[in-house]
Every structure is written in structure tokens, then in C-alpha cells.
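Each chain, letter by letter, is given below.
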Amino acid sequence: MANTTGFKSYFQFHNVDWGAMMSATWETVWMTLLSMVAIVILGIILGLILYETRNKSGIGFRILNWIVGLFVNIFRSIPFIILIILLLPITMKLAGTIIGPRAALPSLIISAAPFYARMVESYFREVDSGVLEAAESMGATTWGIITKVLLPESKPALIAGATVTTISLIGYTAMAGAIGAGGLGNLAYQDGFQASNNTVTLVATVIICLFVFIVQFVGDVFVKITDKRTL
Amino acid sequence: MIRFNNVSKQYSTKDGGLTAVNDVNIEINDGEIFGIVGYSGAGKSTLVRMLDGLEAPSTGEIDINGTDVAKLHGSQLRKQRQKIGMIFQHFNLLWSRTVLDNIALPLEIAKVPKAKRKQRAEELIKLVGLQGREHSYPSELSGGQKQRVGIARALANEPTILISDEATSALDPDTTNEVLDLLLKINKEMNLTILLITHEMHAIAKACERVAVMDSGQVVETGSVFEVFRHPQKEITKKFVSEEFTPQQSDNTMTLEELVKKYPDGQIIRLVFHGPQAELPIVSDVVKRFPDLTISIISGAIHQTQEGALGSLDLQLVGDDSQINEALEYLKKLRVGTEVIHHG
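Residue numbers (numbering that gives the first Met the number 0), protein chains in the order written: chain A, 0 to 230; chain B, 0 to 343.
Partial chain B-side listing against chain A, Cβ under 7 Å, derived:
{"#": "1", "residue": "Asp51"}
{"#": "2", "residue": "Arg77"}
{"#": "3", "residue": "Arg80"}
{"#": "4", "residue": "Gln81"}
{"#": "5", "residue": "Asn91"}
{"#": "6", "residue": "Leu93"}
{"#": "7", "residue": "Trp94"}
{"#": "8", "residue": "Ser95"}
{"#": "9", "residue": "Pro105"}
{"#": "10", "residue": "Ile108"}
{"#": "11", "residue": "Tyr136"}
{"#": "12", "residue": "Ser138"}
To be clear, the hints were calculated from the coordinates, so they are not data collected in a lab.
Nothing here was measured: the structure is a model prediction, and the numbers come from that model.
All residues carry an ideal CB built from backbone N, CA and C; glycine is no exception.
Given the sequences, and given the hints that come with them, work out the whole structure.
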């Protein structure tokens, strides 16, 4: 029997099921990346709506701004672990199951997209108003300004924000794992904690840290490539 | 032809109404360089924003070649805007685009095909003298180069009007002159109407044929630059002209009080003369005719305008009042602009 207490309990590598570790890692990675794609798309759309309807005089704009603002604020305030439970019926409808990585996606997306949307809105507001006016004076449509000025001029910020969101998302996947969503969080909890196998917990932690470092590194590289403000 | 007819613009603020532009009437001919000068807050920028349809006038109409800009909406307004190029104080280039792509932006907006965009952008790069910098980003350029990109971008859609909104105000004097020379060149080559908005009389003197002086939303004086420089009517115009005529404006400007303190005796007068007069020996004439007067030169400057050289000379005359008056009369007879700045 493995030594279940003390410092040495973390280094019983023969107790690690590497096949299970690999598949858990893979689950975490694809859960994160897939929800990230949805979060970036949804976040940019919501952020755009918040930005474009802000300080507009039309009643339609005001209502839209109020609704989207309310949605974003509510889902940003609900703790993730509660949100998962709250969304169980919806998850059942959408994913057909409440267990496994697929079931984690709706909660991950709904909790992180509003967070990213607020960031996106603030990045758009930081785009130089003079440049926007220049585009307007060239006869650009609102859509033209969005695609040719707003998005390209805030690209490094959008990438940096997506990096931060992805990293907190990795934390969320681990939390989701604890209640049955699979991935490294699940492995660390079930095979590690519940089976008193500290080595599994440690290895899962190290892999998650590595994943975070890689995401941060890749994000930084992309920010650097796209940012032409200082050369 | 651009015509502002009784144009006013009011804003409602928390402290009540604010009149930014007050009953402005200006006519700008095709192909001329027209200057609008005024301090910040005089209403210049509001005026050009209305010309571009970025804001609508409260009353009055703005007529560009028979079209009332204020009545245009949607796609018609956007089409109209494509016919007006604009350059800005802070250049307003997209840092995310190269020089070439910045210049191509208005063409993309106007849905010009890609091959044609590239060709046109390259022509413009040549026109503004930025060959070799096509693939640089704005952050790699100097202020003068950035404004050249701004000018090329403004010309991309072959506009009939170019608005320069304080476009030289962020540049050093040498670069300002380079940019103004470029504006003069394109005005001649492309027969472009240029509206130059500035608070620097120097830019007006160098580039414009006619000028309107704005103060608190109103046009207080209009005329040829030459006339306005020689015979400024309103106080504010005199101030602008004298700023320009006082050499080394930045740190060496002497206020009237300082001049009086330094030269307490007699009278201080300012002479303004132009082209042919500048070649006459006016000062030595006066010295010979009025040998009892002591004449000291305080300061002088000569400026090149579109209609020739304009000079100004500040003199201190010490002597009999009657002698001084006779000397002033004599100068007037020579049609030299004479102004007594201080009577000792």
C-alpha cells in the first residue's frame, strides 16, 4: 500500500495511471479551448453591443444597452460553482448529459463570456477617438468603422484580455471537474484526494500550471506580434 | 464653391445654451487656399465639423457646389464625405496599419478594387515624398512624415476639398514649413480647394490667399491675407498679426510694457511695408529729413506671403513732438502702414 501521509506521499510515481492522466489532460485542454472560442466570439459581440449602444439617444439603443448590461452584470456576479448547479436543467437540454466535459461547456461559456464582454467594451473605449472620427469623415459606415478601425486597433488588448480569461477559465474547468465534468480537476479530486493518492494530485497540478504558462506565453507572443505602437 | 450662409450652432449644456458658431457667412472659391484663424474655442473646429456633416448646424445652410450638406443623410452623406479630405493635428493614423494600408483605408471604405487601391496609394506615396517607407508603421515615422501620410490619405479619393484642421500645430517650425509647402504644391497641381484652420498666423501668411478671423463663434474680419496683415481692423486681428511680426515669438517676445520700460523716451512706432516699399531707403530718408530726431530700431521682421514680402519695423523716435508728427506724416505719404504703439 502506498504511503498516504507525509512528504513522501507526493512522490509515489508508480501509483500514477499515466493513461488516465493523459486523457484527463486532453479533456482539460479541449474543454478550455473550445469554450474559449465561444467566449471570444460571444464576448466580442456583447462588448460591441455595449460599446455601440452606450450614450446613444435612441430609445431602442437604451433598452438594448440596459438588457445586455443587466445580463452581463448578473452572470458575472454568480459564483461559478453555483452557476453550474443553477444551469443543470439547461445543460441537460443542450448537452444531453450533466456529466463529462461536454456538460461543462455551457456553464463555462455563460460565466466567462460576460466577464470578457466587459473587458472588450473597455478596450473599444480606449481606441483613439480621433482615429474613429477620421474614419467617419472618410465616409465609413458603422460596420466599416467596426471592422476596419475598432477591431484592428484594439487587437493586442483583445488578445491580452482573452489570455487572462483563458487562464481563469482553466481554473473554472478544474472546479467543474470536481463535480463530474472530467479533466484534470476531476482526476485530482477522485483519483487523488478521494483515493488518498497525493502524487496524482501533484502531477495534475503541475500539468495545469504548465498549461497556464503555455497559454500566457502564447498570448504574450501574439500581443507582441500584433502591437505596432512601439517598435 | 463653399458657402456658409448665416450658419449658427448652439449646444445645450447643463449651464444653459452655448453658442459655438454665431451667424457665420463665408464664401470660399474653388481652387483657393482659404484660412480660418482664431484661438482655441473660437468655433473653428465646429465650423469644419459641420462642413463635413459630422455635426448639423442649428440654423443656416452650408452649401458645397450646390449641395446643402446639412440636408444629407445616410449613404448620400457618406458619399459627400468621400469628396472631402481631412488632415488633423494629431494625424489620426491607424497604428495597426502600414503607411500603404493607411493611405488605402479611404479607398477600402469607398470599395475601390484591391489592385487599384495599391496603385493609387503608391502614386500618393510618391506625391508626398515617402518612397521607401511604404511598409513602415506610423510609430516608426517622425511627425512630419506622419502628416505626409495624413495628407496622402486625405487625397486618396481624389477629393475636391481638403480641410486642414490645425494640421501643423503639433509640428516644429521647419516641419510646419515643409507641410505647408506640400499643401501649396498639391493646391497648384490638383487645383484643390484647401481650407486651412489654424491658430498660427504664420501658416496663414505662408499658404493662404484669403483669411477669416474668428472670435467667440463669429467671423470678425475677412479679406485677403495681404490686406489683413497690412491693415488689421479688429483688436484680435492686430494681436494675431503682431504675434506673427514679433520675432522669436517663443521665449523672446517683449510685451508692450517691457518695450516701454526699456525705451521710456519718445514714441514707439511700428511700420508695416510690403514688396516694393521694402526696397526703398525709407528709414535713411526719414533720418536725413529729420536730423533732430533720434531713431533707434527696436525690432524688425520680414514675412513671405502669397502676394509678396511683408515687413514690419518697430522704431523708437525721440525728439520734438512736432518733429515726430511730421515724420509720421511723411511716412504716411509714402504709404507705409504706421501705427503708434506707445506715446511717451
